[in-house]
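2 protein chains.
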Amino acid sequence: MLDVCLMGTGGSMPKPDRWLSSLLMRYEGKSLVIDCGEGTQLALKESGFNFKPVGLLLITHFHADHVSGLPGFLLSMGNEGRTEPLMIAGPRGISHIVRSLCVVAPGLPFEVHIAELSHTGGSFVWEDFEITAFEADHRCPCLGYKVHLPRKGKFDVEKAKARGVPLKAWKRLQDGEEVEIDGVTFTPGDVLGPPRRGLTVCYATDTRPKDTITEAARGADLLVLEGMFGSDKQERAKEAMHMTMVEAAKIAAEAEPRALWLTHFSPSVPDPSVYIDEAREIFPGAVAGVDGMRAALSFD
Amino acid sequence: MLDVCLMGTGGSMPKPDRWLSSLLMRYEGKSLVIDCGEGTQLALKESGFNFKPVGLLLITHFHADHVSGLPGFLLSMGNEGRTEPLMIAGPRGISHIVRSLCVVAPGLPFEVHIAELSHTGGSFVWEDFEITAFEADHRCPCLGYKVHLPRKGKFDVEKAKARGVPLKAWKRLQDGEEVEIDGVTFTPGDVLGPPRRGLTVCYATDTRPKDTITEAARGADLLVLEGMFGSDKQERAKEAMHMTMVEAAKIAAEAEPRALWLTHFSPSVPDPSVYIDEAREIFPGAVAGVDGMRAALSFD
Numbered sequence: 041m042l043d044v045c046l047m048g049t050g051g052s053m054p055k056p057d058r059w060l061s062s063l064l065m066r067y068e069g070k071s072l073v074i075d076c077g078e079g080t081q082l083a084l085k086e087s088g089f090n091f092k093p094v095g096l097l098l099i100t101h102f103h104a105d106h107v108s109g110l111p112g113f114l115l116s117m118g119n120e121g122r123t124e125p126l127m128i129a130g131p132r133g134i135s136h137i138v139r140s141l142c143v144v145a146p147g148l149p150f151e152v153h154i155a156e157l158s159h160t161g162g163s164f165v166w167e168d169f170e171i172t173a174f175e176a177d178h179r180c181p182c183l184g185y186k187v188h189l190p191r192k193g194k195f196d197v198e199k200a201k202a203r204g205v206p207l208k209a210w211k212r213l214q215d216g217e218e219v220e221i222d223g224v225t226f227t228p229g230d231v232l233g234p235p236r237r238g239l240t241v242c243y244a245t246d247t248r249p250k251d252t253i254t255e256a257a258r259g260a261d262l263l264v265l266e267g268m269f270g271s272d273k274q275e276r277a278k279e280a281m282h283m284t285m286v287e288a289a290k291i292a293a294e295a296e297p298r299a300l301w302l303t304h305f306s307p308s309v310p311d312p313s314v315y316i317d318e319a320r321e322i323f324p325g326a327v328a329g330v331d332g333m334r335a336a337l338s339f340d
Numbered sequence: 041m042l043d044v045c046l047m048g049t050g051g052s053m054p055k056p057d058r059w060l061s062s063l064l065m066r067y068e069g070k071s072l073v074i075d076c077g078e079g080t081q082l083a084l085k086e087s088g089f090n091f092k093p094v095g096l097l098l099i100t101h102f103h104a105d106h107v108s109g110l111p112g113f114l115l116s117m118g119n120e121g122r123t124e125p126l127m128i129a130g131p132r133g134i135s136h137i138v139r140s141l142c143v144v145a146p147g148l149p150f151e152v153h154i155a156e157l158s159h160t161g162g163s164f165v166w167e168d169f170e171i172t173a174f175e176a177d178h179r180c181p182c183l184g185y186k187v188h189l190p191r192k193g194k195f196d197v198e199k200a201k202a203r204g205v206p207l208k209a210w211k212r213l214q215d216g217e218e219v220e221i222d223g224v225t226f227t228p229g230d231v232l233g234p235p236r237r238g239l240t241v242c243y244a245t246d247t248r249p250k251d252t253i254t255e256a257a258r259g260a261d262l263l264v265l266e267g268m269f270g271s272d273k274q275e276r277a278k279e280a281m282h283m284t285m286v287e288a289a290k291i292a293a294e295a296e297p298r299a300l301w302l303t304h305f306s307p308s309v310p311d312p313s314v315y316i317d318e319a320r321e322i323f324p325g326a327v328a329g330v331d332g333m334r335a336a337l338s339f340d
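Chains B and W are the protein sequences, given in the same order.
End of the first sequence = 340 in the working numbering, gap-free, step of one.
End of the second sequence = 340 in the working numbering, gap-free, step of one.
Treat the hints with care, since some could be wrong.
Which copy? The list can't say, so a pair holds if one copy fits it or any two copies do.
Computed cross-link-like contacts, BS3-like style, restricted to lysine-lysine with a CA-CA straight-line distance of at most 25 Å [said to hold, decoys possible]:
no.: 1; residue 1: K70; residue 2: K55
no.: 2; residue 1: K194; residue 2: K211
no.: 3; residue 1: K211; residue 2: K290
no.: 4; residue 1: K250; residue 2: K273
no.: 5; residue 1: K201; residue 2: K211
no.: 6; residue 1: K70; residue 2: K194
no.: 7; residue 1: K194; residue 2: K278
no.: 8; residue 1: K192; residue 2: K70
no.: 9; residue 1: K70; residue 2: K211
no.: 10; residue 1: K92; residue 2: K70
no.: 11; residue 1: K85; residue 2: K55
no.: 12; residue 1: K199; residue 2: K211
no.: 13; residue 1: K290; residue 2: K250
These aren't lab readings, by the way, just hints derived from the structure by calculation.
Same shape as in the complex, but just chain B (with noise of 0.2 Å):
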């Protein structure tokens, strides 16, 4: 089951009834988190969540609304008893810009290790997952996230028998090791089938629609993206580098996830969901986002 929340759903300030955009991913005790505007620590407490299991943050992009509750974040992680390293991501830069901010955070009783990802994307694995990181097009280098939960095959009886596998040596095939007997070296290959459908989430925020943000959602089990805006604000989201809900649904309409979830919502639109008919005569399962929406996903 990986389980998700959308801790934030607002974009440029926090306010009083909606914090900052931010994502929560959960799978067996190990989360990560997309973002950490001002009032992310809170957010996450709000939601009901602790920070011990938190051991990756990914940053879209270094505007203060993504990024600026990093120190408070961290140092609150401190105060709670962590000593376990934390991994943070983000786009070439953010080693900078964690220093900057974190001079207001110094001595933590953990360790920092910073990935710096290249600004047209990049890829690497944490714990189970699969994280992918692609282009979006704003103001500034921004990039969306796909996180990925592989699936192994199922055990399969009759090819560990044909291919001669002891009996001793199928667990921990079956668990992903490599097991040798007596010379003979066996592969998890040896004991699965082909890959089953794993999980997947994909995030972009601050963005003009793009063809990256397709590709890496197509048929994701939940797309996130920004709907910063009503239609009737289209010019006002190409100034400013931003998506419409109805530009969020064309993408989605084209990728086919299983779900979207829209976010980011300006300052200017105090209740999204009166803009979401627009979206949903494009992408029927469109849903306007609020604070503290979760999804447990299942493998099928």
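Starting from the structure of chain B, add chain W where the hints point.
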């Protein structure tokens, strides 16, 4: 009328029900704010204020809970259309802190003027306010602030007549100008009685008790002090270089302010009012602050 609002009362980290410690003072359409931790921009909104009148930020020290809200605060000021310069004053090093934090707030549409104060204090005038910084006793250099609103003497008709001040100069002299008529220079002192009692608010958090605080607080209209713990955590307060509510009350008992508000409560103290009786045994007027608490101070 001097409006004072304790916008937040928390120490260390913001909590869902408690913003970080911050004080706003407003007089004749000009406001100043002391400290700006994560979420202070929201605390200001929740207390019913706007950014526009705020022209001065006073920073006590550089721990994140007192300063990490700066980039968001400044950006929101800009989003509200500010073009007038903003002044930020704090301990020596404040320029570096502001510059580092504002790496995520480039291109502000207004100038930021920074005043670096000595670690042992300093004085300056801003609008109608006389600001005096004084040394606190924390784990890092930390300042308290005395904010004084002076009050001119009463207009004295007999004195004006006795000194032969022409009638046409009376109004300008009363307003504080010097006036020259036929080669004779008149000063406000020619028409005003002795200065009257003004209004004074004194603020100190993140400190052990220290005589500089007592001196600054002497006879203040309002003294705002940290009372981070109850006396059951006296040792912890000492170690962390903070004050208990009883220690704050002892300062008040000596300095004799007209009112004492306690603030900067530890996250480990969910309801500070449970400790207020032990503080009131020492200073009967002690009040456990709550977010948004206000007072309107009037000249005698």
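Comparing the hints with the structure gives:
1. K70 / K55: So K70 and K55 pass the 25 Å test across copies only (24 Å; inside, 29 Å).
2. K194 / K211: within (12 Å within a copy, 93 Å between copies)
3. K211 / K290: Close neither inside one copy (46 Å) nor across copies (69 Å); limit 25 Å.
4. K250 / K273: within (19 Å within a copy, 56 Å between copies)
5. K201 / K211: within (14 Å within a copy, 106 Å between copies)
6. K70 / K194: Cα proximity of K70 and K194: one copy only (24 Å, versus 70 Å across).
7. K194 / K278: neither (47 Å within a copy, 60 Å between copies)
8. K192 / K70: within (19 Å within a copy, 64 Å between copies)
9. K70 / K211: Classified as within: same-chain Cα gap 24 Å, cross-chain 72 Å, threshold 25 Å.
10. K92 / K70: within (9 Å within a copy, 43 Å between copies)
11. K85 / K55: Classified as both; 17 Å inside a copy, 8 Å across copies.
12. K199 / K211: within (14 Å within a copy, 103 Å between copies)
13. K290 / K250: Within one copy only: 11 Å inside a chain, 64 Å across chains, cut-off 25 Å.
Consistency with the previously given hints fails for numbers 3, 7, ordered from lowest to highest.
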